[in-house]
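Quick note on numbering: UniProt numbering labels position 145 of the sequence shown as 145, and the sequence is numbered without any gaps.
Take these hints with a grain of salt, some might be off.
[To be verified] In the DSS-like style, the derived pairs of lysine-lysine whose C-alpha atoms are separated by at most 27 angstroms in a straight line are:
no.	residue 1	residue 2
1	212	182
2	228	212
3	130	182
4	212	108
5	171	228
6	108	171
7	151	236
8	228	130
9	171	236
10	162	108
11	162	182
12	162	212
13	162	151
14	212	171
15	212	130
16	108	151
17	182	236
18	182	171
19	171	151
20	151	130
Keep in mind that the hints were calculated from the coordinates and are not lab data.
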Amino acid sequence: MATTDQGNDPPPRESPFRRPQGRPQGPAFGEMLNDQNIRRWALRVGISLLIGIVCAVILGIRVGFTVALVAIIADSVRAARQTTSVEAWGRSSSAERRTERQLRGLAKHGYHVLHARAVPRDDEGVSDGKIDHLVIGPSGVYAIDSEQWDKRLPVRTMSHLKLFHGPIDKKDRLDEARWEAKQASRTLTAQVGFDVPVQPSVAIYGPAIPWKVLTVRDVDVYSGGRAKAYLRRRPKLLTEEDIQQIYEAASASLPPKYQSH
């Protein structure tokens with residue numbers, strides 16, 4: 001019989017982490033002119049000012065200034081929604097970009113996030129798998145996969161062992177998420193010299209999720225809009241030194257899935 005869990009977030013768990021006993025110089029002016037981001041912003045500001053000047057001539061200086069300011073703000077908001085910190089992130093889904101925007105605000109709380117990281121194999125090679133978001137912070141290390149599912153089909157679970165999207169059994173998807181996290185854990189543990197468990201999770205966008213956070217086949221499952229709260233409401237397990245050490249190891253040993261052009 002299908003059941004759902006209406007409970008709150010998972011209870012605090014005992015820490016699984018175990019240990020064994022000059023001033024920089026800015027870019028040159030010429031380099032700044034060649035920077036695509038600076039040139040893009042200069043173009044936006046120029047277009048907005050041009051619009052403002054036209055309106056000032058027709059409607060007056062005050063109206064023209066207001067129109068130019070509104071144009072700059074509107075364009076900045078639009079660009080912020082579309083831009084991303086990940087190289088070649090255009091290959092990813094809208095669900096991944098939505099989760100990325102949520103995770104940006106975690107930096108001020110001591111979290112580091114790596115997006116679109118390749119999953120290593122047991123033979124030290126690289127698999128076809130991808131961890132959408134690897135999060136390292138005070139509450140631990142997480143491998144988050146973002147999924148966009150058909151909102152017309154319900155999501156349900158059976159005895160915390162099976163997850164269904166309509167008639168579709170999501171066992172393979174959960175097993176894949178668990179394997180990706182296990183491979184990342186193995187790699188990071190070897191790099192830092194102490195156990196680094198990586199908790200797999202799936203953030204689902206589209207259909208309503210009838211629970212807050214539910215663990216199915218050892219994978220945390222929740223609505224995509226809860227990704228940020230899912231991380232912050234857990235107990236602190238890592239020190240700043242641990243976080244930095246794991247982050248540096250992850251940056252070095254889990255390469256970006258998409259190489260920059």
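(request) With a cut-off of 27 angstroms on the C-alpha distance, tell me whether residue 228 and residue 212 pass. (result) holds, 12 angstroms
(message) Holds or violated: residue 182 and residue 171, Cα atoms, limit 27 angstroms.
(response) holds, 16 angstroms
(message) Please verify whether residue 212 and residue 130 have alpha carbons no more than 27 angstroms apart.
(response) holds, 25 angstroms
(message) Need the status of pair residue 182, residue 236: alpha-carbon distance at most 27 angstroms?
(response) Roughly 21 angstroms between the alpha carbons, so the hint for residue 182 and residue 236 holds.
(request) Verify the proposed pairing of residue 228 with residue 130, using a straight-line Cα cut of 27 angstroms. (result) The given pair, whose Cα atoms are some 20 angstroms apart, holds under the 27 angstroms limit.
(message) Need the status of pair residue 171, residue 151: alpha-carbon distance at most 27 angstroms?
(response) holds, 19 angstroms
(message) Check whether the Cα positions of residue 151 and residue 130 lie no farther apart than 27 angstroms.
(response) Between residue 151 and residue 130 the Cα gap is close to 24 angstroms, so the pair holds against 27 angstroms.
(request) Would you check the hint for residue 130 and residue 182, treating anything up to 27 angstroms between C-alpha atoms as holding? (result) Satisfied, since the Cα-Cα distance of roughly 13 angstroms is no more than 27 angstroms.
(request) Take the C-alpha atoms of residue 162 and residue 108, compute the straight-line distance between them, and say whether it is at most 27 angstroms. (result) Between residue 162 and residue 108 the Cα gap is close to 36 angstroms, so the pair fails against 27 angstroms, i.e. violated.
(message) Need the status of pair residue 212, residue 171: alpha-carbon distance at most 27 angstroms?
(response) Holds, because 20 angstroms separates the two Cα atoms, which is no more than 27 angstroms.
(request) Take a quick look at whether residue 108 and residue 151 sit within 27 angstroms of each other, Cα to Cα. (result) Violated, because 33 angstroms separates the two Cα atoms, which is more than 27 angstroms.
(request) Sort out whether residue 212 lies within 27 angstroms of residue 162, counting only the CA atoms. (result) holds, 17 angstroms
The structure does not agree with the numbered hints 6, 7, 9, 10, 16 stated previously, though it agrees with the rest.
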